[in-house]
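Q: The chain contents come next:
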Amino acid sequence: MPDSLEHPAIRALRELFDAQLPATTTPQALKSLQDAYVGRKSGKVTDLMKQLGTLPPGDRPAFGAQVNKLKANIEAALDQRRADLAAARPPEGGVDVTLPARDLPMGRVHPLMRVRQQVEDIFARMGYEILEGPEVEDDHHNFEALNMPPDHPARDMQDTLYLGVPIPGGTWGAHTGRLPKAQVRAATLLRTHTSAMQVRYMKTFPPPVRIIVPGRVYRRDNLDLSHTPMFQQVEGLVVGSDITLADLKGTFEAMLRELFGDVRVRLRPSFFPYTEPSAEVDISCQSCRGAGCGTCKHTGWLEILGSGMVHPAVFEAVGYDPEKVTGFAFGLGMERVAMLKYGVDDIRLFYENDLRFLEQFPL
Amino acid sequence: VRIPVSWLREFVDVPRSPEQLAETMSLRGFAVEGIERAGKEAVIDFEITANRPDCMSIVGMAREIAAAYGLTVKPGPKLAALATANKADISIAIEDADLCPRYVGAVADVTVGPSPPWMQARLNAAGVRPINNVVDVTNYVLLEMGHPMHAFDLATLARAHIRVRTAKPGETLRTLDGQTRQLSSDMLVIADAARPVAVAGVMGGADSEVTDRTTAVVLESAYFNSLSIRRTSRQLGLKTEASMRFERGADPSLPLAAAQRAIALLHMIGAGRGRGRAIDRYPNKTKAPVVRLRRDKIGGLLGSAVPDKEVRRILQSLGFTLRPTPWGWRVAIPTRRVDVMREVDLIEEVARHYGFDRLPVTFPALTAAPKPVDPRITNARRLRATLTAAGFSEAMTFGFMAVAAAAPFAHVGEVIPIANPLSENFAVLRPSVLPGLLDAVAHNRRREQVDVRLFEIGSRFSRTAGERRAVGCAWTGAGNPAHWSGGSRSVDFFDMKAVVARVCETFGAAFHTAAHQEDWLQRGRAAAVLAPDGSRLGLVGQLTPEIADAHGLPAAEPLYVAELDLDTLEQAAPVRLRIEPLPRYPSVTRDISIIVDDTLAAAEVRETIRRAAPPPLVRIAEFDRYQGKGIPDTKVSLALRLVFRSSDRTLTDAEVHDAMGQILEALKNQHGAIQR
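In the order they appear, the protein sequences are chains F and D. Counting with this note's numbering, you get residues 1 to 363 for the letters of the first sequence. Counting with this note's numbering, you get residues 364 to 1039 for the letters of the second sequence.
Next up, chain F with everything else stripped away, as it sits in the complex (with noise of 0.2 Å):
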């Protein structure tokens, strides 16, 4: 029988369950809708049932079997709603699975340490030996071997902090089953720089030389935004038959755009006592694309490191002809890397430790 001919009572019911059936969201409330349709003693399907015995007998089979489709329809409903509902369930022993984790606490690698590994893996790929060396010093390996004789006007730009007792000194060697004598002296100073490494290497080592020298030096700097008095250094020194300028560009460029990304490097000529010529090396300032900001003073570059060809009066010292060898050295600052890398603009962030700011570097 085509919907047009149905009964408009029939029609009236089907469109109310077909209204009311999507708001049962529980089984009671299924229980409670089928009930009120198709129970067994009342019920509107049932009623309806009741109805026929006031129709025309020519309409009675009809509208018989509208109602019974109608309530075969309903059950069929019913029970596929039924069957939905159960499967929304959780499983037996299920978990609501948004409830939070339980924490797994791990913690975080410091951020300078995090910038040096870098720089090790970097250096080290390039075939570089990683050496740590001591950090209280003496005077010969500090600063005489590296052409700053007392009174040195350069000692003025490393302003170094003295111990009031000489200690032992230095014991690095010792995992390479030799150390020579001549490199153990009372060590009377907190190093400025790891470049006293170079000296012990090359005293015990004929070239050639890659190395690098991780760690903290110390220089008498009050505290401030851009000075600690202690920070982490990575020096570097090279030194072969044919090292040139050319040589420490190409490298520093590698080393560079790997630390940091796609930036134009340069050298500006300076001055460091133990290198000659020097060099500080600039990054293009990658906040304004060399455009000129802030953070690089309107200049488009920033400074990253120190470096030039190692002085010859450095090799004299450790016993190198410089007439047969030339190198490259190199002082790189962890503090300065990691605050142009993460946007730190103030560097005692570093030597708080505070768990706020270590924890927003990912594992």
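Don't read these hints as lab results, they were simulated from the structure. One thing to keep in mind: the hints can contain errors.
Unchecked claim - Footprint (simulated), chain F over chain D, 3 or more residues, beta carbon under 8 Å:
#1 388-401
#2 557-571
#3 659-671
#4 708-716
#5 729-738
#6 745-758
#7 825-831
What the hints assert, rightly or not - No more than 30 Å apart at the CA atoms, straight line, and that leaves these computed lysine-lysine pairs for DSBU-like:
#8 203(F) with 403(D)
#9 660(D) with 324(F)
#10 650(D) with 660(D)
#11 441(D) with 203(F)
#12 734(D) with 324(F)
#13 403(D) with 297(F)
Fair warning: this is a prediction, and the values are worked out from it, not measured in the lab. Here a beta-carbon is modelled for each residue, glycine too, at the ideal position from N, C-alpha and C.
Given chain F's structure and the hints, the job is docking chain D onto it.
A: This is chain D only, laid out in the frame that chain F set:
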């Protein structure tokens, strides 16, 4: 050095804007601190490196700018010749020619008053305060030529005599700044017939100062030994425009020209007139050194040959004199270039003005196999991985600290003072990494961070042991983190002992703990961490409330710390790693429960069991320890799980039964243990 551009133009035709000039010169080795504008004047502040005292002047920078742009330096104002004489209304004697190789003195009659506005403006722009026309002229010469000068009031000099000598013991001098200076016998002074009138090259004396009443002055234009000036300036704690130039190295060729320029200026501004003669004491003339410059060394160092024409142009424009040879040049060095002594110094000059940017980019070839990384670095990396996985974040603290912070952690006399500390907070080297770590915990604790786990890897120092590396850990707050399912508790000894175990395992080093007493650790909750040979690896325990309080930490909250010596741990690590074959036969597990004195250490019970048991005992594990209802006072119930396993057969019940019998017998005999 502050360079007013208008002044610079008197010596070189500055071709571009100050900004472009700054950019170019920074690529020639003169970083620019800033550019200031005042009216029409622009002042560029160049940073002069310590090796270039010759550039601390207008003329010096003009020379560099000329070289950078291929220009020539203008000759500057013509100077009237100054005849030299042996005596010229004064007498001069150099008594220490090592400390004062040259001394020029000339007398001028003056009318003291203010200098003209243009001169004052230039001095101000360059950062020097105008005083009066005579002093301003000496300062003008200093700024323009880079040569320091001084003017004495002739009337104040006893017998019109100048002696350049070292100070006598006990001599004092009131300097221009009004302070009375104690002089020592290694300081060079300018004296008259009776007493010192100036600290040579540093500052003049107040008594011989030029005043309104002065009518005649002695202009001093000398050259002093740089080391001597540096020492004196440091000893007196007195840095002046003059001392800064002398200590880096002045030009011995300049004194007479500087005096001529000063007299010309006095005349020009109407301040006075020279008497036409000067005394020039210069016993041993400084010779211009000659250095060879080999063509192939230029390319060998820079990585690219530089055309001869360029080499000549650059060096000549900087004032070097070149004599060609088949292999390169012999180069005479002007006396002002104290930084150029060797061939490399000349190569630097060439590279600087040739342009670092024009050099090629190459990569150094490896000619030998790279050596392995220092094992201490690899070990520290693994340790970092271990500790971060245990929930500890890495801290970095300073290597020095206040005396009071270090004191509890080292014996008196072991702490190393710093001779010249910046502040009391940095007075001694740290004897332990823990005090710094405690400060870091306190910092976090004050900022609502309740659960804090931090570690640090670093050096610590003592007088007898020197520098040794250590790892320190600190833990406060929850032992296991709070969760909605419950079960949170505070950190305790055994949490921290687990961290110690992890650290030792990182090195593959075996360890055990023994009760230990240390002033900074809570009694009964402190242990020494020992290697199998009994050597001490470190300490672990709960910090005393007193020390916690001293670091600003809440005394009531438990804070556990551990510090282990990394140098010792590395020694304790096995040299070679050998793998044991996996077990092929099943194991047998037996539990025992005994009652013993509660003072008996678990380690002793284990030791008794191990000694009594036959070899197949492979594992002992305590799984319960109980005191309370049902157990007599001062006793404790201990439950242990023993695992037996043979490597060559399946153990029988009878064998295990016998072993258990022996173990229980031993426990009974040695500790009076009662089986439950």
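Q: Take the hints in turn and mark each one as holding or not.
A: Each hint, compared with the structure:
{"no.": "1", "hint": "388-401", "result": "holds (count 5)"}
{"no.": "2", "hint": "557-571", "result": "violated (count 0)"}
{"no.": "3", "hint": "659-671", "result": "holds (count 5)"}
{"no.": "4", "hint": "708-716", "result": "holds (count 5)"}
{"no.": "5", "hint": "729-738", "result": "holds (count 9)"}
{"no.": "6", "hint": "745-758", "result": "holds (count 10)"}
{"no.": "7", "hint": "825-831", "result": "holds (count 6)"}
{"no.": "8", "hint": "203(F) with 403(D)", "result": "violated (58 Å)"}
{"no.": "9", "hint": "660(D) with 324(F)", "result": "holds (11 Å)"}
{"no.": "10", "hint": "650(D) with 660(D)", "result": "holds (25 Å)"}
{"no.": "11", "hint": "441(D) with 203(F)", "result": "violated (56 Å)"}
{"no.": "12", "hint": "734(D) with 324(F)", "result": "holds (23 Å)"}
{"no.": "13", "hint": "403(D) with 297(F)", "result": "holds (24 Å)"}
Violation of the numbered hints given earlier is confined to hints 2, 8 and 11; the remaining hints are satisfied by the structure.
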